[in-house]
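Start from chain A and add chain B according to the hints.
From first to last, the protein sequence lines stand for chains A and B. Oh and the first sequence: position 19 is 19 in the working numbering, straight run, nothing missing. Numbers in the working numbering are just positions in the second sequence, counted from 1, shifted up by 1000.
Be aware that a few hints might be false.
As the list claims (entries may be wrong) - Rough simulated footprint, nothing fancy, chain B against chain A, three-plus residues with beta-carbon under 8 Å:
no., region
1, 193 to 203
2, 211 to 224
3, 252 to 258
Said to hold, decoys possible - In the PhoX-like style, the derived pairs of lysine-lysine whose C-alpha atoms are separated by at most 20 Å in a straight line are:
no., chain 1, residue 1, chain 2, residue 2
4, B, Lys-1458, A, Lys-193
5, B, Lys-1421, B, Lys-1433
6, B, Lys-1631, A, Lys-193
Said to hold, decoys possible - Computed beta-carbon distance windows for the label pairs:
no., chain 1, residue 1, chain 2, residue 2, range
7, B, Asp-1513, A, Lys-157, 50 to 56 Å
8, B, Gly-1151, A, Glu-5, 29 to 35 Å
9, A, Lys-24, B, His-1139, 44 to 50 Å
10, A, Gly-224, B, Ile-1390, 21 to 27 Å
11, B, Asn-1231, A, Glu-5, 30 to 36 Å
12, B, Ser-1690, A, Gly-224, 56 to 62 Å
13, B, Leu-1687, A, Glu-82, 58 to 64 Å
14, A, Gly-224, B, Glu-1178, 40 to 46 Å
15, B, Thr-1050, A, Leu-55, 39 to 45 Å
16, B, Tyr-1129, A, Gly-61, 53 to 59 Å
These are computed hints drawn from the structure, not numbers from a lab. Each residue gets a CB set at the ideal place from its N, CA and C atoms; glycine is no exception.
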Amino acid sequence: MIYPEYIQPVSLTDLWGKFPQDKKIYFLAGGTDLFNYLRDGLIDASSSCFVDISLLKQLDGITEESENIRIGALTTFSTISESGLLKKYCPDLVAAAKVLGTPQIANRATIGGNIGNASPAGDALPSLAAHFAKAEVANSKGSRLLNISDVFAGPKKTTLANGEIITAVVIPKIKVKAGFTVVGTFKKIGGRKSHIIAKASVAVFAVVKNKSVDYISVALGAVGPKIIEVRNISKILSGKKVSPELTEKCKDEIRKIASPIDDFRSTAEYRQEVICPLFEQALNEIVKD
Amino acid sequence: MKKTLSKNNFHSVGNSVIRNDVIEKVTGTAKYIDDYKFGDMLYGATVRATVPHGNIKSFNSALALKIDGVIAVYTYKDVPGKNEVPFILNDYPLLASDKVLFHGQAIALVVAKTPEIAKFAAKKVEVTYQELPAINDVHQSLKKDAVKIFGNDNIFKRYDIIRGDAENVFEKAAVVVEGKYTTNYQVHAYLETQGMVADPQPDGSIVIYGSMQCPFYIHDAIVHILNVPQNKVRIVQTTTGGAFGGKEDVPSIVAAHAALAAYLSKKPVKIIYSREEDFQAMSKRHPSYIEMKYAADKKGKITAAQVRYILDGGAFSTLSPVVLWRGAVHAAGPYNIPNVKIEAICAATNKVPCGAFRGFGQPQTTFANESLIDELAVKLNISPLELRRINMMKVGSRTATGQKITRSCGLEKVIKQVVQKSDWNKIYLSPEKRTGTIRTGIGIAASFYGVGLGAGGKYLDRAGSYVQVQKDGTVIIAIGNTELGQGVFTVISQIAAEMLGCPYNFVRVLKTDTTRVPDSGPTVASRSTLMSGNAVRNAAGIIRLRIDKMVLEMLNVKSGAVKSNGKNYFLSSDPKKKVRYQDVVKKCYGKRINLTSNGWYAGEDVTFSQETGQGNAYYTYSYSATAAIVKVNTETCEVSVEKLVSGHDIGKALNPQLCEGQIEGGVIQSLGYALTENLIIKNGIMLNPSFAGYLIPTSSDIPEIIPVIVEEPYHDGPFGAKGLGEPPMITPATAIANAIYNATGWRTDKLPVTPEVLLDIKKHLWKKI
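Same shape as in the complex, but just chain A (with noise of 0.2 Å):
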């Protein structure tokens, strides 16, 4: 019987010195979607080393600092979608946050692992996109600052080494002008109302005075091979007031990016079909009078 080798590093420093060498390192954190891929065969056990970074305390939390939000590695999405601060900064992420899988796979999955897995429907992901949030990746020789959407190689796949680990996802703080307020949302369209996995989904963010928009932001999930951000929203939207004519542009430029699959979740139709309104339901939740 053959298991992954498993290792419990204490601390950041700690771990590099026990990696075992020629394996592929698993980083194990809540452990939602590593132990479906062990169970299921797709990890290759005797080739395989799960790092199980739970006692690494320095990884969890959310804390302010004068240009950022950081968010550890560590971070649940029940913390996330309790936090004050991300509720003030990021509400689309606090939205993401409180629709991902149940209430138990919330209180284990964590947000480097919702990055490290690099899922096109990751529930987090068009939210971070979004706010052109940044992943903090360590290695042995120190840590670097990745965009998010360089983060992702394709579904499931990343661009980062063996043996590299996220250990925070860093989001820039907006500048809010008087009379301003920070707004966001996350939808997502799935099989069923909840405990689901999206078909397609979307996260707005914006600041915004009514319907008034200073700063908009858009990224599409579950819609591509990787999560798609939608900057030319920006372009049309930005110091504008929004109007039907405006959110049809709107729609059209996400018609235009949106490269959907058919897989058994749902169709390449269906996918292509429901993003527009979706996106629109989220922009008329967000941006009213």
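Below, chain B without anything else, positioned relative to chain A:
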């Protein structure tokens, strides 16, 4: 619901007493099969086919046997009796010998010291195949030049039911509607996966413990496979975490695998399936393809029905012949139609074998006939309710098999109450009048359901019981039907208490065990209350006669009717003359009176003939109708079910709260069948064998459910009861489909009607306009 429905003259039945297994289940102390451990116990894992159709070229277990902790690898060569699971046609091998017919078919068993080692080693058994072309659907299966995987035509079973002259009527009919309908698989999704422990005894006998519906089926299977006498096999049901038909037939396979391994290794062997394995190898609801036609006169009287009903049986027949039969008998709908032609076929494909599932072929035919009835109403320009009112079954109507309904038919009352409680008249608008992005719709579907096995399993429709009053007045009961969560042990306790005159909580029903009562048939077909209920009524009635005699003696009266209020016996003519229940029991024991009895019940005879397709198919029917209220988002094609009102004529509600529970559970299962449960098998491989990919409703998907109970007593049922287990699963899905049509004008010919299906209909309609 605390109050009873009709005037209730009983002290026990008709009351919503608390179910007798509630504490252990709510506190988590109930013992399921995986909680059982025996000394020296080994664990089995199954080697399964990795191709949908192929000849086995080579089999090599050498690598697996080298793994530390592996005890043995068993194949078909090791089976001492017959290498076949005895269902109806015996075409299903216990372990594949020279060929495999579906991806996931069992080929060998690995027995090891831990479940992890067993599962790991099962993957190391090397099997090579010469792959053969696979049959993916019934259309392919029924082609003349198709590869043959069963007999010379790939047909497991065929029925023809012909009444009157439908073809002639269609030619001359004023109005004809027709449709083609398909339904997909449904997975039982019981919380407890399949599992068994086989425990061999020093005397050469064997005891099987496990999660099951039908201990007597398993008993037959073990005898057949091990080639041992019937008295050397004992089957004991353990607390079973849901079944829904999925533990009717296929547990015989799991039990026989465990028994084979235990018999050969001479050690107890446990086999517990993972969820994925359970998805891949255990039975499912049959996908169906149905062509349906109705003819009517201008006033809306239906004059003929024609049905071509095809089930996808999968690789082996299991219970397909009887599933086909039930669906066929009911396929024309709960209507009085003089001319009927029904052709029913179950075809073989290279996919997982389908079998029993709550509703047993009827949810499929109901989807066809109740969708088409709505289409007929549109064509006749009358309301769907009016069309049903004109044609629905009443006392005096005849079914498709020519059976005259002579009694206990509450369909009219059911529909009336469902219409009223759903606010139909306020909500109904024709689809053209609905506007906006999110549109409301209301729909209805009705059905009738033959209670028990009927002519499909006539010789099995009997049941035994054993009732023993102990010295302190408490009661022990054994029956042959099983508790699956439906609450039958509670209802049996109520019936026994009513008959004996003791308090309900004095009665204990023992876990079902094949050594306690004779073969009582399966726990299926909504038959347990009727069959075991009557068997217990019979046994308790015999004891009660002896008790009544003692009561008269104790009251010093020569004769008179004795009654009970559940605490005391008293004279009907003089209620002040009373004596305490326990005192009578004590006196009986003192006087050496036997307070135990066996009981027996055999269902009324049925006359259906396979040759003519005519005759009485069942001795009684339950009737049901469901109204669904939905909201459809016409942009995203998402459907939200807002309310389901489901009404059922069940003869008598012996425990109204349990009846409501059955209705709510069935309605939810049907809601999943309607909208979200979509098992996908591509080229013989299941793509979503897990609850992350196969979506059953969550609590947030469940709407307001209003259960409605109608009581039209069946004279031969216990206190008038018929059956309720399956009917709640039959109509809601179609009511939802009809409500979607009412909201949007989008008529689905497919279940599940996913948003993707609706989008397709929407685009198609717009193209036409």
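Margin query: For a quick check of understanding: which of the numbered hints are violated here, in increasing order?
Written below: 2, 3, 4, 5, 8, 10, 11, 12 and 13
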